[in-house]
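**Q** Each chain, letter by letter, is given below.
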Amino acid sequence: MTRASYIVAAVAAGALLVLLPLLGSGYIVYLANLMLVYIVLALGLNILIGETGQFGLAHVAFYGIGIYTTAILTGRFDVPFLIAAAAGVLLAGAIGLLLGYVSFRMRDIYLALSTFAFGEAMQWVYRSWDAVTNGPNGMRIKPAELFGFRIATDHDAYPFVLATTIIIIAATVWLRRSRLGRAFRAVRESEPAALAMGVDVRRAKVIAFALSAAYAGAAGGMFASFSSFIHPDSLGFTETILVVTMIVVGGLGSIPGAIVGALVLGAVQELLRQAPSYQEILYGVILILFMMYLPKGLAGAVGNLARRAG
Amino acid sequence: MMGDWQVYWLFLQQGIASGLVTGSIYALLAIAIVIIFKTTDAPNFAAGEIFMAGAYIALYLLIFSQIAYVIAVPVTLAITFVFSALFYRIVLRRIGVSPAVAVNVVIATLGLSFVLKGIVRNTGFGDVPRSFPAVFGADTVQIGDAVLTTQDVAVFALALLAMAIFFVFFNYTRTGRAMRAVGMNPRAAALVGIDLHKTRMLIWGLSGLLSALAAILIAPKILMTADMGIVVILGFAAAIVGGFTSLPGAVVGGLIIGIVENLVGLFVSTRAIVVAPFIVIMLVLAIRPQGLFGGPVVIKKV
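Taken in sequence, the protein lines are chains Y and V. In terms of my numbering, the first sequence opens at residue 298 and continues consecutively. In terms of my numbering, the second sequence opens at residue 652 and continues consecutively.
Just so you know, these hints were derived from the structure itself, not from any lab. Heads up, a few of these hints could be off.
Said to hold, decoys possible - Derived SDA-like pairs: lysine to any residue, alpha-carbon spacing no greater than 25 Å straight-line:
hint: 1; chain 1: V; residue 1: K689; chain 2: Y; residue 2: F401
hint: 2; chain 1: Y; residue 1: K439; chain 2: Y; residue 2: S525
hint: 3; chain 1: V; residue 1: K689; chain 2: Y; residue 2: R404
hint: 4; chain 1: Y; residue 1: K593; chain 2: V; residue 2: V752
hint: 5; chain 1: Y; residue 1: K439; chain 2: Y; residue 2: A383
hint: 6; chain 1: V; residue 1: K689; chain 2: Y; residue 2: E488
hint: 7; chain 1: V; residue 1: K689; chain 2: Y; residue 2: P489
hint: 8; chain 1: Y; residue 1: K593; chain 2: V; residue 2: P750
Could you put the whole structure together from the sequences, leaning on the hints where they help?
**A** Now the structure itself:
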């Protein structure tokens with residue numbers, strides 16, 4: 298593609314995003330908000346798995362920390378929404394940092410299983426800690442207030458959610474090009490080589506964990522801005538797998554890949570809801586077919602096509 | 652009147668006895684997980700659903716087709732064997748087997764787990780919890796101060812027998828040794844004439860068979876639902892405690908997890924049982940990142 302066609306595509310996408318709330322019904326705008334949350338979740342997990350090569354499976358646990366922190370601070374303590382959401386990001390990041398410290402020595406399967414165990418344990422906490430999370434009944438989230446405006450509908454939340462997503466995408470692109478981003482990829486390619494080049498492998502891994510968790514916390518705050526309810530059942534392993542699949546289907550380690558993967562699988566999920574009894578079977582078949590025929594994800598497939606086209 | 656310590660002593664004996672019974676099932680599951688991990692370089696996240704599907708196939712044959720146990724059990728084992736082998740042949744052979752595509756293999760097995768759950772839910776058997784018919788009576792046997800049912804004892808004995816057969820097969824037959832060779836060094840195994848794909852296919856089949864066997868043995872003790880595959884988490888915990896690549900470790904790990912689970916239920920609370928395996932996994936890995944019985948961490952040179 299030429300530079301001009303990139304600009305045309307970007308302008309068209311931008312116009313669509315701005316006009317969406319004017320054209321779409323409440324449901325469409327709700328979906329758009331949800332997709333934007335998925336994009337942030339996928340970008341965060343991509344830092345850990347795609348860039349740094351650390352197979353963490355606790356992403357949704359941090360998303361839950363973001364949601365519950367925001368909801369509890371605004372609902373029970375009348376903390377302004379932005380401060381509450383920021384607290385969610387910090388808390389998720391801090392717990393991610395701790396998890397990173399505990400697990401930087403583990404590799405591959407052990408890391409995957411210990412983070413999986415952490416995710417399951419956190420879901421158990423959300424389900425059982427009645428006093429704080431209201432346990433298995435789920436928790437209502439108070440409508441957010443931003444700069445004096447009360448966010449009552451999905452339409453109201455959309456500009457905030459969209460702006461946050463754009464800022465986060467820009468930050469991710471900057472991070473990828475930074476020294477830290479290069480350190481992440483060096484760790485992924487070869488730890489001994491990274492060490493030899495003077496990369497502090499342990500520091501890079503722990504920071505990747507914390508950053509990835511902070512992204513999930515931010516996604517949680519975004520979710521709390523437009524959703525009025527959170528249930529612990531929606532914070533389980535299946536959700537984490539959905540995000541993992543997004544970045545693999547998009548193309549591991551690629552920012553456009555993570556974004557497109559989030560949109561494609563988010564859309565697939567919504568479409569499959571139309572056929573509830575076959576939802577699981579179809580979703581499973583789609584995952585298997587993707588892995589069989591597009592192993593490098595959509596980003597890889599597009600790259601191949603472009604190369605073939607010359 | 653019994654003193655406190657007498658109650659604890661009774662609990663301890665009961666916990667160990669019941670723990671050995673369920674632990675022997677976790678050991679079978681851990682073996683099924685470990686043999687796949689050793690030869691495929693990725694964990695099989697569909698292990699739980701293959702286990703669940705095995706239980707439902709057996710239930711279908713026994714209850715809805717009224718087939719006798721002696722026929723239904725071998726038929727179930729054969730079906731899961733063939734199905735798991737075909738999954739390797741059709742899906743995984745195309746994806747490939749190497750650490751570089753481990754993520755893809757994991758996602759494909761997760762896809763399989765969704766498919767199996769969806770199928771069982773759609774057949775209509777998975778809608779309501781069901782119970783699996785027991786072969787052995789509920790008569791009790793006293794061992795020390797612990798009380799077990801005849802069925803518990805039979806489950807333990809059959810699980811041990813299955814493991815014994817498996818170890819003989821693995822150590823003393825040509826096919827079994829070929830499987831071990833592929834697990835140790837696939838390139839060298841291929842050089843001495845072992846067909847890698849055929850061996851891995853057999854491993855997948857064997858793993859499916861072991862999962863189904865574990866399912867048939869434990870099904871009468873638990874309630875059957877489409878989500879019963881969650882039990883396999885304990886198999887994963889057992890494999891981790893055992894070092895994830897060691898078969899004797901998997902067996903010891905299974906028994907340890909079974910006993911810990913039962914003791915937690917008796918001494919702490921039944922509510923804590925659900926979260927106990929995850930805490931065990933995290934604790935073990937935080938202290939020893941390569942599992943309790945795993946060898947030293949080997950860092951590959953550039």
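**Q** Which of the numbered hints above does this structure break?
**A** none
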